[in-house]
Amino acid sequence: MIAIKASIGTEPYRIEIKSPTGNVVIADEPVEKGGQDKGFSPKELLASALAACTCATLRMYANRKLWDLEQVNVAVELNEEAGKTTFTRKLQLTGKLDEEQRARLLTIANACPVHKILTNPIAIETILI
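In terms of my numbering, the sequence shown opens at residue 700 and continues consecutively.
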(Lines of atoms letter the chains of each structure in order from A and count residues from 1; the text may use other names and numbers.)
(Lines give C-alpha, C1' and ligand atoms only; values in the text may rest on other atoms or scores of the structure.)
Protein backbone atom coordinates (compact mmCIF):
# COMPACT_ATOMS: atom_id res chain seq x y z
CA MET A 1 0.00 0.00 0.00
CA ILE A 2 1.17 3.52 -0.78
CA ALA A 3 -0.18 6.34 1.39
CA ILE A 4 0.07 9.79 -0.19
CA LYS A 5 -1.05 12.90 1.67
CA ALA A 6 -2.13 16.13 0.00
CA SER A 7 -3.21 19.44 1.49
CA ILE A 8 -4.38 22.83 0.27
CA GLY A 9 -4.73 26.02 2.25
CA THR A 10 -6.10 29.35 1.12
CA GLU A 11 -3.55 30.04 -1.63
CA PRO A 12 -5.48 29.38 -4.85
CA TYR A 13 -4.95 25.78 -5.90
CA ARG A 14 -1.41 25.30 -4.54
CA ILE A 15 -1.41 21.71 -3.32
CA GLU A 16 1.41 20.15 -1.32
CA ILE A 17 1.71 16.41 -1.85
CA LYS A 18 3.86 14.30 0.49
CA SER A 19 5.13 10.78 0.04
CA PRO A 20 5.64 8.34 2.94
CA THR A 21 9.41 8.91 2.57
CA GLY A 22 9.09 12.68 2.97
CA ASN A 23 9.40 13.75 -0.66
CA VAL A 24 7.27 16.78 -1.53
CA VAL A 25 5.71 17.75 -4.85
CA ILE A 26 3.71 20.90 -5.51
CA ALA A 27 0.65 20.63 -7.71
CA ASP A 28 -1.27 23.62 -9.00
CA GLU A 29 -3.79 24.59 -11.63
CA PRO A 30 -3.00 26.73 -14.66
CA VAL A 31 -3.61 30.47 -14.49
CA GLU A 32 -6.63 30.17 -16.80
CA LYS A 33 -8.28 27.92 -14.19
CA GLY A 34 -7.52 30.29 -11.31
CA GLY A 35 -4.23 28.74 -10.21
CA GLN A 36 -0.72 30.13 -10.33
CA ASP A 37 0.85 27.43 -12.53
CA LYS A 38 3.54 26.71 -9.90
CA GLY A 39 3.41 22.95 -10.33
CA PHE A 40 2.00 20.10 -12.32
CA SER A 41 -1.78 19.92 -12.61
CA PRO A 42 -3.35 16.77 -11.13
CA LYS A 43 -3.89 15.34 -14.63
CA GLU A 44 -0.28 16.12 -15.55
CA LEU A 45 0.80 14.22 -12.44
CA LEU A 46 -1.27 11.24 -13.55
CA ALA A 47 0.33 11.23 -17.01
CA SER A 48 3.74 11.77 -15.38
CA ALA A 49 3.27 8.68 -13.23
CA LEU A 50 2.83 6.57 -16.36
CA ALA A 51 5.85 8.18 -18.05
CA ALA A 52 8.11 7.82 -15.00
CA CYS A 53 7.07 4.24 -14.34
CA THR A 54 7.68 3.31 -17.97
CA CYS A 55 11.17 4.86 -17.91
CA ALA A 56 12.13 3.12 -14.67
CA THR A 57 10.72 -0.25 -15.73
CA LEU A 58 12.54 -0.21 -19.07
CA ARG A 59 15.81 0.87 -17.44
CA MET A 60 15.59 -1.89 -14.81
CA TYR A 61 14.81 -4.55 -17.40
CA ALA A 62 17.60 -3.48 -19.79
CA ASN A 63 20.10 -3.33 -16.93
CA ARG A 64 19.13 -6.82 -15.77
CA LYS A 65 19.54 -8.15 -19.33
CA LEU A 66 22.81 -6.19 -19.81
CA TRP A 67 21.39 -4.60 -22.97
CA ASP A 68 22.95 -1.48 -24.47
CA LEU A 69 20.07 0.87 -23.74
CA GLU A 70 21.59 4.33 -23.48
CA GLN A 71 18.47 6.45 -23.11
CA VAL A 72 14.72 6.08 -22.74
CA ASN A 73 12.47 9.02 -23.61
CA VAL A 74 8.75 8.68 -22.96
CA ALA A 75 6.07 11.16 -24.01
CA VAL A 76 2.55 10.66 -22.65
CA GLU A 77 -0.53 12.48 -23.90
CA LEU A 78 -3.77 12.28 -21.93
CA ASN A 79 -6.88 12.93 -24.01
CA GLU A 80 -10.46 13.02 -22.72
CA GLU A 81 -13.34 13.11 -25.15
CA ALA A 82 -16.78 11.58 -25.53
CA GLY A 83 -16.65 9.95 -22.11
CA LYS A 84 -13.42 8.10 -22.89
CA THR A 85 -9.91 8.73 -21.59
CA THR A 86 -6.97 7.73 -23.78
CA PHE A 87 -3.30 7.75 -22.85
CA THR A 88 -0.99 7.83 -25.88
CA ARG A 89 2.54 6.80 -24.90
CA LYS A 90 5.44 7.29 -27.31
CA LEU A 91 8.72 5.52 -26.58
CA GLN A 92 12.11 6.53 -27.93
CA LEU A 93 14.82 3.97 -27.22
CA THR A 94 18.45 4.93 -27.88
CA GLY A 95 21.24 2.37 -27.93
CA LYS A 96 22.49 -0.65 -29.80
CA LEU A 97 19.32 -2.72 -29.71
CA ASP A 98 18.15 -5.24 -32.28
CA GLU A 99 14.51 -5.51 -33.37
CA GLU A 100 13.85 -8.41 -31.00
CA GLN A 101 15.13 -6.39 -28.02
CA ARG A 102 13.07 -3.35 -29.06
CA ALA A 103 9.94 -5.51 -29.36
CA ARG A 104 10.59 -7.02 -25.94
CA LEU A 105 11.00 -3.55 -24.41
CA LEU A 106 7.64 -2.54 -25.89
CA THR A 107 6.06 -5.56 -24.18
CA ILE A 108 7.81 -4.66 -20.91
CA ALA A 109 6.56 -1.05 -21.17
CA ASN A 110 3.02 -2.42 -21.26
CA ALA A 111 3.73 -4.31 -18.05
CA CYS A 112 4.94 -1.40 -15.92
CA PRO A 113 3.06 -1.18 -12.60
CA VAL A 114 1.27 2.11 -13.38
CA HIS A 115 0.18 0.78 -16.79
CA LYS A 116 -1.29 -2.26 -15.04
CA ILE A 117 -3.14 -0.06 -12.54
CA LEU A 118 -4.59 2.18 -15.25
CA THR A 119 -5.73 -0.70 -17.45
CA ASN A 120 -7.36 -2.80 -14.72
CA PRO A 121 -10.64 -2.10 -12.97
CA ILE A 122 -10.21 0.69 -10.44
CA ALA A 123 -12.27 1.34 -7.34
CA ILE A 124 -12.04 4.62 -5.43
CA GLU A 125 -13.35 4.60 -1.88
CA THR A 126 -13.82 8.00 -0.24
CA ILE A 127 -14.16 8.25 3.54
CA LEU A 128 -15.00 11.51 5.30
CA ILE A 129 -13.02 11.84 8.56
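Hint data in this document are derived by calculation from the structure and do not stem from the laboratory. In this text the structure is predicted, and so the values were computed from the model without any measurement. Be a bit skeptical, because a hint or two may be false.
What the hints assert, rightly or not - Listed below are the simulated DSS-like cross-link pairs for lysine-lysine, each with C-alpha atoms no more than 30 Å apart in a straight line:
#1 Lys764 / Lys815
#2 Lys704 / Lys764
#3 Lys795 / Lys704
#4 Lys764 / Lys795
#5 Lys704 / Lys717
#6 Lys795 / Lys737
#7 Lys815 / Lys783
#8 Lys742 / Lys704
#9 Lys783 / Lys732
#10 Lys742 / Lys732
#11 Lys783 / Lys764
#12 Lys737 / Lys764
Evaluated hints:
About 22 Å separates the Cα atoms of Lys764 and Lys815, which keeps this hinted pair within 30 Å; it holds. Restraint check: the Cα-Cα separation between Lys704 and Lys764 comes to about 36 Å, which exceeds 30 Å; the hinted pair is violated. A hinted pair counts as satisfied when its Cα atoms are at most 30 Å apart, and Lys795 with Lys704 does not qualify at roughly 42 Å. Distance check on the hinted pair: Lys764 and Lys795 sit about 13 Å apart at the alpha-carbon level, within 30 Å; holds.
Between the alpha carbons of Lys704 and Lys717 the distance comes to roughly 5 Å, so the proposed pair stays at or under 30 Å and holds. The hinted pair formed by Lys795 and Lys737 fails the criterion: a straight-line CA distance of about 39 Å is larger than 30 Å. Annotation: proposed proximity of Lys815 to Lys783 holds, straight-line Cα distance about 18 Å (limit 30 Å). The hinted pair formed by Lys742 and Lys704 meets the criterion: a straight-line CA distance of about 17 Å does not exceed 30 Å.
At roughly 22 Å between alpha-carbon atoms, Lys783 and Lys732 fall within 30 Å of each other, so this suggested pair holds. Taking the CA atoms of Lys742 and Lys732, the gap is about 13 Å. The hint holds against a cut of 30 Å. The straight-line distance between the Cα atoms of Lys783 and Lys764 is roughly 37 Å, outside the 30 Å bound, and the hint therefore fails. Simply put, Lys737 and Lys764 have alpha-carbon atoms about 40 Å apart, too far for the 30 Å limit, and the pair is violated.
Going through the hint list in order, the structure does not satisfy hints 2, 3, 6, 11 and 12.
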